[in-house]
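Protein chains: 2
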Amino acid sequence: MMETILNHRSVRNYSDKPVPQDILDKILEAGTRASTTGNMQVYSMVVTRNRHIREKLWEAHFKQNMVLEAPVHITFCADFNRFNKWCRQRKADPGYDNFLSFFTAAIDALLVSQNVALAAEAHGLGICYLGTVTYMTDKIIDILGLPASVVPVAAMVTGYPAKETELTDRLPLNGVVHYEKYADYNENDIDTIYAGKENSELTARLLEENKKETLAQIFTDNRYPKKDNVFFSKQLLEVLKKQGFMNNGE
Amino acid sequence: MMETILNHRSVRNYSDKPVPQDILDKILEAGTRASTTGNMQVYSMVVTRNRHIREKLWEAHFKQNMVLEAPVHITFCADFNRFNKWCRQRKADPGYDNFLSFFTAAIDALLVSQNVALAAEAHGLGICYLGTVTYMTDKIIDILGLPASVVPVAAMVTGYPAKETELTDRLPLNGVVHYEKYADYNENDIDTIYAGKENSELTARLLEENKKETLAQIFTDNRYPKKDNVFFSKQLLEVLKKQGFMNNGE
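Sequences listed follow chains A and B, in order. Sequential numbering from 929 applies to the first sequence in this note's numbering. Sequential numbering from 929 applies to the second sequence in this note's numbering.
Possibly wrong hints are sitting among the right ones.
The list makes no distinction among identical chains, and a pair is therefore deemed to hold if it is satisfied within one copy or across any two copies.
Pairs of lysine-lysine residues, derived as PhoX-like cross-links and limited to a Cα-Cα distance of at most 20 Å, are as follows [unchecked claim]: (1) K1067 to K1169; (2) K1067 to K991; (3) K1170 to K1067; (4) K984 to K1140; (5) K991 to K1019; (6) K1125 to K1019; (7) K954 to K1140; (8) K1091 to K1019; (9) K1154 to K1140; (10) K984 to K1067; (11) K1109 to K1140; (12) K984 to K1091; (13) K1125 to K1109; (14) K1154 to K1169; (15) K1140 to K1019; (16) K1091 to K945; (17) K1154 to K1019; (18) K1155 to K1019; (19) K1140 to K1125; (20) K1067 to K1109; (21) K1139 to K1019; (22) K1109 to K984; (23) K1162 to K1067; (24) K1155 to K1109.
What the hints contain is simulated information worked out from the structure, not anything from laboratory work.
Please take these sequences and the hints and turn them into a complete structure.
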């Protein structure tokens, strides 16, 4: 268990060896054992193997190679559609068209996704989460035919790795853990916490490639700039509204 | 690995046996191996053992017994505070005060939480997520002293179980998995998917206790009623604004 967790790396190169259905079933079943609010299971997993649909997903996910390479694509959705239908068929009036309900369902779906990731790795598969999912919810809704009350919140490719991948660095544990209460960071703390990352060979290479003075600037100017975040924030909030999750009684 | 995942149950009764720090460290370290957007690690874990603070958390979490019983309380936070400070100390201008950034950080924190849950269980501990966290973010922010750009998104108690707990039921796998695209549910699908749950002894007992005609009504009328969801939706959105995550360029 601990070995699987500690050995996780995001795999971005896949062989064309298919994933057997019985292994996939075990992995998906593992997903469903995650904690779920009130045992409501307000999520769905959409498993896509079809090449034609994966090509559309590849376009939505910024044309990242691994989306075409990996034989299996799983989209994890916050899903109140099934639960709402059940309520209506059982003389019950569902009140789950609001932001809290969306967030509850998103938590459910994300815990499922991490169980699936670890179960896949325990079976010798590689996985990579696609951070692009929250940028492109509208396109993914369209491609996968997601109805109202369903919003994709995580996406993952999986398959057998084509090559070994290095373990990535992490901040020191005491940089992300607080005891009793939150102890805010002073300048010296920040210097200490980020020193290892800043002094790595990877960072030296990135600074040279991107012609930047600091690693932080690569994040703020190139990778996650404000204008993109604002654009995608508006889009995501519009999608929540369109899918029926923003009736907050105002 | 699979055994740990498949044996998960939420533990609500704890012995007073303390959790050794070296085991806790391993569990928290396991958390940090989860995938994280752009390797930014935009989360924090706040570990609370202090009885006095746990009493305050117990009050915030609807006075659930297990919050007092379990020796360790972990609050998982979406956290851009550390990252923003780092950016500002490195001549970089962070643009992470928007909804997308909050949601990115929430995803990070939730994947961490599930690794921590499984690592705890692999070490013989029990865990229980506290769904009340998203209702009470404002109180928890106050108790734990969370600064701007930090929002709690998951909370968990952990410790050694005081007694055996039964595995809870789940919907059949094909009720939550879709292949290729989303296949929407018809009436018959809904009947089939929920049949096992509806015909269980637990449901019979709940219907009797709650004097309700259907299980769905227990959810809509008693456990998660619309008026509560709307109230907590507003509150959560206000907290996101207050913590500086709703500057979406409007």
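Can you give the numbers of the hints that this structure goes against, from lowest to highest?
4, 5, 7, 8, 11, 12, 13 and 24
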